[in-house]
Amino acid sequence: VRSGSPTTRRLVSPVADTHATWRVAAARPPALDGRPVALVDAMQNPRGLWGQGILDTAEQTLGTACPSLKFERVDRPVGSGAPAEIWAASMADRYAALVIAAGD
Amino acid sequence: VRVEVEDTDTEIQACYEAGWTDGLPVIPPTRSRVDAMLGRLVSEAADVIAVLPPGGGEATLERVAANAVMAGCLPSYFPVVVAAVRAVADPEFNAEGLLTTVHSASPLLLVNGPISRAIGMNGEAGALGAGNRANATIGRALQLCCRNIAGARPGELDATTLAHPGKYSYCFTEHPHSPWPELAVDRGFRPEESAVTVYGADAPLCIVEMGRPDPESVLTTIAAAVAIPGTYNAYFRGELWLVLSPDHAEIISSHGWSKADIGRFMFEHAQLRAGFLRNRGLYGYHRNQPAWVDEAEPDEMIPIMDSPERLVVTVSGGGFGGYTAVIFGLGGFSVTKRVDT
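Chains A and B supply the protein sequences, listed in that same order.
If you read the first sequence in my numbering, its first letter stands for residue 35, the second for the next number, and so on.
If you read the second sequence in my numbering, its first letter stands for residue 23, the second for the next number, and so on.
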């Protein structure tokens with residue numbers, strides 16, 4: 035959205051800042067340090083339970099490759115609450131990695 | 023006068039270029055117009071009344087007012103727009119899903135209570151269509167808020183494949199002489215209170231039944247019309263809305279039927295064969311599809327709602343014609359909020 039023209043500057047903007055659609059991926063840790071891996075269902079429509087199915091597959095695949103891994107299912111943030119970056123930072127303190135099922 | 027017209031043309035064009043519009047011209051949101059829309063709330067213009075998914079944009083009163091101005095609202099409509107924005111932001115409504123889905127659904131707004139009459143909304147001839155300023159501009163204001171505050175622009179956060187014309191405006195009220203209480207009263211509001219209900223809705227499908235004037239005949243035709251594969255209702259079995267014309271409502275109510283009776287009839291008659299649902303519609307879209315699709319016998323009949331209460335019955339439209347608009351949904355739930363006047 036371009037709101038900076040001389041004319042629009044005379045008008046009251048109807049536009050709100052929104053979260054960035056694309057984000058830079060966090061740095062990968064060199065190794066998982068014993069903390070659990072979080073499996074997050076962030077599908078747009080959680081009632082369909084499709085996200086849980088994706089996470090089932092992720093858990094099975096990762097668990098086969100690394101039998102020592104521990105997994106936890108984590109609810110996605112309710113509504114639009116905290117910005118994603120803040121939420122991700124708080125998760126990084128508790129989990130070695132996040133696997134997020136996202137989509138529609 | 024000529025200079026003012028030229029200025030307005032420039033401002034309208036600037037709104038286009040800024041990406042603020044829905045494709046139709048807007049009223050430029052000048053400071054004076056926005057302040058007039060805010061009225062006694064002008065001192066609270068910066069207050070955040072909601073945070074709108076999917077973009078997480080903060081809906082300040084000023085931004086909502088700017089969108090209401092652009093849509094063409096009168097200041098007397100503003101409390102309805104504010105309530106609608108609050109309703110869309112309710113997590114139960116799942117705006118994050120509705121405003122980002124590849125499906126066509128869009129917020130449908132129903133206004134009930136005294137304010138709908140005070141601002142001259144149309145619940146009679148052509149209620150779901152064009153011609154009434156309040157219906158048209160309140161619905162448009164909500165859609166503009168979804169675009170400009172929630173960030174739901176097609177091709178960006180809004181991934182809709184086709185959309186439908188309701189994304190311009192989708193707003194109505196009920197007929198003033200409905201035989202049943204308004205929806206908001208069904209949901210616990212008093213008749214003297216005003217309220218809005220938002221529903222993630224497909225385009226209306228108009229069903230005609232003028233052959234036999236009895237409830238069973240009317241509702242059998244409607245039930246057959248909604249029991250089709252390829253809708254989200256067939257698989258998610260969520261809310262389904264009916265907008266009965268006054269004729270249909272009169273036929274049904276004059277036989278002593280309540281809205282709950284209609285819900286029970288539709289639950290029992292709007293059904294699809296389980297075997298027919300397999301390998302169609304949303305089947306196989308993901309392996310974690312509803313278990314009943316595979317567990318049911320092929321000839322087992324599956325209601326398209328998971329309970330009779332999923333049917334939402336409203337009454338609107340002109341005084342002649344045996345029509346009912348069927349409005350399929352995205353699978354979620356509608357949300358009702360009070361209008362603070």
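Because the hints were derived from the structure by calculation, they are not lab data.
The beta carbon of each residue, even a glycine, is placed where N, CA and C say it ideally should be.
Among these hints, one or two may not hold up.
To be verified - Here are some of the chain B residues that sit facing chain A, going by a computed Cβ distance under 8 Å:
no., residue
1, A40
2, N170
3, L184
To be verified - Residues from chain A that keep clear of chain B, each with C-beta distances beyond 12 Å, as calculated:
no., residue
4, P40
5, T41
6, L66
7, G68
8, A76
9, M77
10, S124
11, A126
12, D127
13, A130
14, L132
15, G137
Said to hold, decoys possible - Label pairs and their in silico Cβ distance ranges:
no., chain 1, residue 1, chain 2, residue 2, range
16, A, D51, B, H277, 31 to 37 Å
17, B, P187, A, L132, 53 to 59 Å
18, B, G233, A, W121, 56 to 62 Å
19, B, P113, A, K104, 55 to 61 Å
20, B, D328, A, E93, 42 to 48 Å
21, A, R128, B, E215, 43 to 49 Å
22, B, F355, A, Q94, 54 to 60 Å
23, A, E93, B, P213, 17 to 23 Å
We went through each hint and held it up to the structure:
1. A40: Status holds, d = 5 Å.
2. N170: Holds: closest Cβ of chain A sits about 4 Å from N170 of chain B, inside 8 Å.
3. L184: It is violated, given that the least Cβ distance between L184 of chain B and chain A is near 14 Å, above 8 Å.
4. P40: violated, 8 Å
5. T41: violated, 4 Å
6. L66: Holds, because the least Cβ-Cβ distance between L66 of chain A and chain B comes to about 27 Å, which exceeds 12 Å.
7. G68: holds, 30 Å
8. A76: violated, 9 Å
9. M77: Its Cβ does come within 12 Å of chain B, the nearest being 8 Å, so this is violated.
10. S124: holds, 17 Å
11. A126: holds, 20 Å
12. D127: holds, 22 Å
13. A130: With a cut-off of 12 Å, A130 of chain A remains clear of chain B, as the shortest Cβ separation is near 26 Å.
14. L132: At roughly 19 Å from the nearest Cβ of chain B, L132 of chain A sits farther out than 12 Å, so the non-interface label holds.
15. G137: violated, 9 Å
16. A:D51 with B:H277: 31 to 37 Å: This hint is violated: roughly 55 Å between Cβ atoms.
17. B:P187 with A:L132: 53 to 59 Å: violated, 40 Å
18. B:G233 with A:W121: 56 to 62 Å: Check passed, 57 Å falls within 56 to 62 Å.
19. B:P113 with A:K104: 55 to 61 Å: Check failed, 30 Å falls outside 55 to 61 Å.
20. B:D328 with A:E93: 42 to 48 Å: violated, 29 Å
21. A:R128 with B:E215: 43 to 49 Å: Between R128 of chain A and E215 of chain B, where Cβ atoms are some 45 Å apart, the hint holds.
22. B:F355 with A:Q94: 54 to 60 Å: For Q94 of chain A against F355 of chain B, whose Cβ atoms are near 32 Å apart, the range 54 to 60 Å is violated.
23. A:E93 with B:P213: 17 to 23 Å: Because 53 Å falls outside the window, the suggested range is violated.
Checked against the numbered hints given earlier, the structure breaks hints 3, 4, 5, 8, 9, 15, 16, 17, 19, 20, 22 and 23 and satisfies all the rest.
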